[in-house]
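Chain B: place on chain A using the hints.
Residue-level listing of the chains:
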Amino acid sequence: QITLKQSGPTLVKPTQTLTLTCTFSGVSLTTGGVGVGWIRQPPGKALEWLGVIYWDDDKWYSPSLKSRLTITKDTSKNQVILTMTNMDPVDTATYYCAHRPVTSSRRSLGFDPWGQGTQVTVSS
Amino acid sequence: QSALTQPASVAGSPGQSITISCTGTSSDIGGFNYVSWYRQDPGKAPKLIIYDVSHRPSGISHRFSGSKSGNTASLTISGLQPEDEGDYFCSSYTSSSTLDFGGGTKLTVL
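Quick mapping for you: the protein sequence lines, in order, are chains A and B.
All residue numbers for the first sequence refer to the working numbering, where the first residue is 6 and numbers rise by one.
All residue numbers for the second sequence refer to the working numbering, where the first residue is 40 and numbers rise by one.
The shape of chain A in the complex, shown without the other chains:
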């Protein structure tokens, strides 16, 4: 059974950097084809994809946020870390990490399962 557990702050100040950690079990990011993605959801709004990191350290980012985002992995700890700089109140959202199962193509971005979500508020 694959599980993802998220940790990180629930409140950050404007201009600060957000760092969220996704610790997973039941799967290894050394396994070919595996990926972990990040998705966020502002209150009452739609999902927004942030990026994904693959087992071979390939990374894809949302173009609109690419300059502010970094996704890294620590395979020894089974962790994926999301860093977002220069946080703004419009970045207030629930942030999710999610597992991308092994499939025939890395273009297949169906995420399952998801972490529990981290509700992040950006406010001074």
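It cannot be assumed that every hint is accurate.
What the hints assert, rightly or not - Per label pair, the in silico range of CB-to-CB distance: (1) A:Lys82 to B:Ser65: 38 to 44 Å; (2) B:Ser97 to A:Lys82: 25 to 31 Å; (3) A:Pro19 to B:Ser97: 41 to 47 Å.
FYI, nobody ran anything at the bench for these hints, they're computed from the structure.
Ideal Cβ placement from N, Cα and C applies to all residues, glycine included.
Relative to chain A, chain B alone:
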């Protein structure tokens, strides 16, 4: 504004079938067979119910099916049950190696 267009709401009675559409362009839905569908209950994380247009993950009921025609993908739920109520989101891989989501559809079981 989301890149993929979904109806804001759909409704159906128990036992009926409903279809939720997800419209994109030739740069996303129309160009690739990498559409996924998720169901989200209030306050919960989304759950994958369809991937790669029409594939069901293990444990997902056969009442859920996906299809695609041109730039529009569809999720059909047959034999509607009260527990199917929730928000449904589509997503698609794009030609820019990114992922777009739809705005979400609220399903009400009357």
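Quick rundown of the hints versus the structure:
no., hint, in the structure
1, A:Lys82 to B:Ser65: 38 to 44 Å, "holds, 42 Å"
2, B:Ser97 to A:Lys82: 25 to 31 Å, "holds, 28 Å"
3, A:Pro19 to B:Ser97: 41 to 47 Å, "holds, 43 Å"
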